[in-house]
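Residue numbers (full-length UniProt numbering), protein chains in the order written: chain Y, 1 to 193; chain D, 1 to 274; chain B, 1 to 219.
Hints in this document: simulated from the structure, not taken from any laboratory. Check each hint, because a few of them may be wrong.
As the list claims (entries may be wrong) - Once the Cα atoms are required to be at most 16 Å apart in a straight line, the calculated EDC-like pairs of lysine to aspartate or glutamate come out as: (1) 11(Y) / 88(D); (2) 134(D) / 145(D); (3) 158(B) / 67(Y).
As the list claims (entries may be wrong) - Okay, the calculated bits of chain B under chain Y, using three or more residues with CB under 8 Å as the criterion: (4) 51–61; (5) 76–84; (6) 93–103; (7) 123–136.
Remember, it's a predicted structure, so these values are computed and weren't measured experimentally. For each residue, glycine too, the CB sits at the ideal point set by N, CA and C.
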Amino acid sequence: MYCDKVIELLKELERSREDTIPPYNNDGINQVLSEMKTLDAEIIDFLRKQKDNLPLDAIRLRRAAIERNKRCLMTYIWTRLQRLKEMRWEIGAILPSDVRQNLSQSEIEWFNNYCKTLVSYMKTIGSDTGLNLTQDTKPPKSLYTEVRSLVDAGKLELESGEVLILRKNSQYMLSRSQAEPLIRQGILEQVRQ
Amino acid sequence: MNFCRQTQSNSKTKSFNTNSINLKSSRIDSVASLDDFPFTKKILTNYLNEILILRCHCVEPRRFQDNTTNIKEINMYRNIKPHYFSIDAIMAAQEKIQCSFIKKVEHVDFLDSIYSDKDEESDPKIELPLWMVKVFLVGKSIQFDMPKAYNEIYRGVLTADANVVDLFKLCKHFYLFGKFLSQLEHREAYEVRRTLIQTFIDRFKQTMDWAQNIDDNQPCFNRLDCLERLIFNDARVAQQHLNIYLTEGSGQMEIAAMILNYRKRKIHESRVLE
Amino acid sequence: MDIDIRELIDDEDDENQEEMTAQKVLQNVERAWLNEKFSPEILPHQTDYVECLLEQIKGMEGNLAKLSKTDPKVDLHKLELERIKFVITSYLRTRLKKIESFCVSVLEEEATRSEEDKYLSPAELQFAKEFALNADNHFDTILRHMPQLYNKLDRNKKIIEPNLNSFVFLKCNKHIDSVIIKNTLEGQEEEIVLEDNSQHLMPYSSVAEFVKNGTVQLI
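Put together the whole structure using the sequences plus the hints.
Shown next as structure tokens:
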């Protein structure tokens with residue numbers, strides 16, 4: 001039946017997780033485009049052959065099928081753009097290669113242009129270098145957190161310029177921003193309240 | 001959260017004539033500061049929005065057609081239609097409807113089969129997606145039966161107790177497909193509209209209870225239609241925001257899993273050496 | 001945490017800054033942020049306040065660096081600064097997301113507004129235009145392979161508009177005699193009075209003008 005192929009394309013998107021982009025289905029898209037062309041040719045054929053007593057239902061149905069194919073294809077493209085856009089905010093301007101290889105040439109171009117547009121907008125905010133809107137996405141809760149050193153890690157220079165000596169099993173108050181990478185590396189652990 | 005329940009039952013009885021709620025006079029004033037309660041806010045606004053949209057979709061279609069004085073009103077409601085790129089709307093229009101042809105349609109290959117074993121007398125039946133049915137309705141070549149989920153029997157079941165129905169199984173896009181159907185020319189369209197609104201209202205409380213209270217909610221989630229799923233997920237997210245807000249500052253920072261695994265491997269290796 | 005930001009501002013600066021205090025600017029930005037967060041449509045931009053606040057943040061950071069490190073106030077001020085920065089970025093992010101979602105309609109409406117009445121800042125307008133063009137170019141790579149009558153995507157189709165009738169929570173800053181709620185399909189209108197300081201839940205469309213002139217605060 002008409003439009004079955006394009007619905008398959010959309011189902012492919014529906015099945016994938018929203019934070020991923022499945023491979024760009026070039027073959028599928030070409031099949032849909034050629035179905036559209038066939039339908040269009042058939043309509044033209046009807047109009048040429050029968051001057052009167054046109055098969056109106058048949059023509060209407062074909063027109064509707066072309067429009068529907070078009071809507072679905074556009075939706076396929078549009079939905080992928082939405083996901084790609086989300087990635088710019090989550091991951092940044094450099095896409096991992098496994099994402100990149102699922103994109104079409106035009107999608108990569110779109111992404112690069114989007115990055116450019118976004119950066120030039122962010123540069124205009126404030127008086128000097130601009131404001132990075134992809135940072136500060138969570139409301140800050142506290143500046144400091146209590147941590148325990150798991151190893152004799154030695155000297156740590158604080159943001160204030162002071163130097164702290166981290167000894168195993170001692171507890172310290174550090175700024176969250178400074179503590180977080182050290183916790184991730186397993187040098188410190190956060191003291192649970 | 002008792003308060004939600006009260007407000008819901010409140011708006012349930014009033015939902016057909018209440019257009020605004022004064023928070024002082026209703027029971028919401030038991031909540032001191034509303035912006036502390038993203039969950040409640042989210043579900044209330046979602047509820048009211050969907051009801052409004054359902055009601056707008058379910059207006060008698062002719063109101064939109066022949067009443068030229070109401071242009072403004074039509075403009076007010078144009079934005080609640082699903083937009084062009086909505087996958088849900090596309091999929092809902094793909095749902096099948098059983099129909100029979102009044103006139104013979106020629107030059108459409110896949111329709112030929114229904115005429116081939118013709119009995120002349122009995123009208124041949126075929127299942128077509130909604131968007132095709134709409135095409136044939138224009139030429140008045142077709143008539144259709146309300147699909148199972150919306151026929152008299154199921155309307156009865158839903159009216160009796162909408163909460164027991166597995167809506168997803170019945171029809172994945174129950175509300176959206178229903179909205180589309182109720183806009184078509186059909187003698188039962190009005191009844192379908194009423195059932196849609198009532199079903200949504202009746203099931204909403206249960207959906208929100210699930211979203212809020214049941215930890216393993218996959219089985220419940222599976223019984224919801226697409227629209228309900230969206231609202232359910234919205235509520236879950238809002239609930240998580242609330243939880244984070246209430247346990248402010250206790251977000252634990254933890255060691256990266258990669259490093260933790262590396263360490264375990266090292267410990268294991270050194271033990272083996274000893 | 002209530003910190004008087006005025007403490008941090010140089011006196012000389014104060015003289016240049018007309019009459020608006022830092023506290024007042026911050027309040028304005030916070031209000032704009034909440035309104036923007038909860039309103040379905042994009043609201044008139046408040047770039048002047050944002051720029052002013054960013055300037056002040058810069059000044060405050062400079063002043064903080066001069067303070068003694070043992071001063072316990074330093075940390076409180078620092079946290080407060082972080083909080084303000086979050087409000088600003090969140091406000092601008094919210095606006096960008098709306099511009100992206102409703103790009104075509106935002107641009108069309110903006111074109112009908114007079115120079116003094118623009119909703120978008122010049123930079124936002126530039127962003128919107130480039131965004132729309134970029135999307136059109138991408139769509140076109142597929143559209144141009146479609147049959148002739150169908151190879152354009154008309155404006156009516158690609159337009160996505162916000163639902164102006166969506167319900168919002170609001171607080172009234174000033175007594176309003178008459179708010180008209182039109183949403184009844186039964187054809188009736190309802191007129192209500194919003195008392196000073198009262199809180200309500202109603203469709204955005206009924207109070208849109210009051211949100212824009214500041215009589216009503218979305219919460």
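Status of each hint after checking the structure:
1. 11(Y) / 88(D): OK: residue 11(Y) and residue 88(D) at ~11 Å, within 16 Å.
2. 134(D) / 145(D): 13 Å, holds
3. 158(B) / 67(Y): Distance ~14 Å between residue 158(B) and residue 67(Y) Cα, so the pair holds.
4. 51–61: Per the Cβ count (4), the hint holds.
5. 76–84: Holds: 4 residues of the segment 76–84 of chain B have a Cβ under 8 Å from chain Y.
6. 93–103: holds (count 3)
7. 123–136: holds (count 8)
Taken one by one, the earlier hints all hold for this structure without exception.
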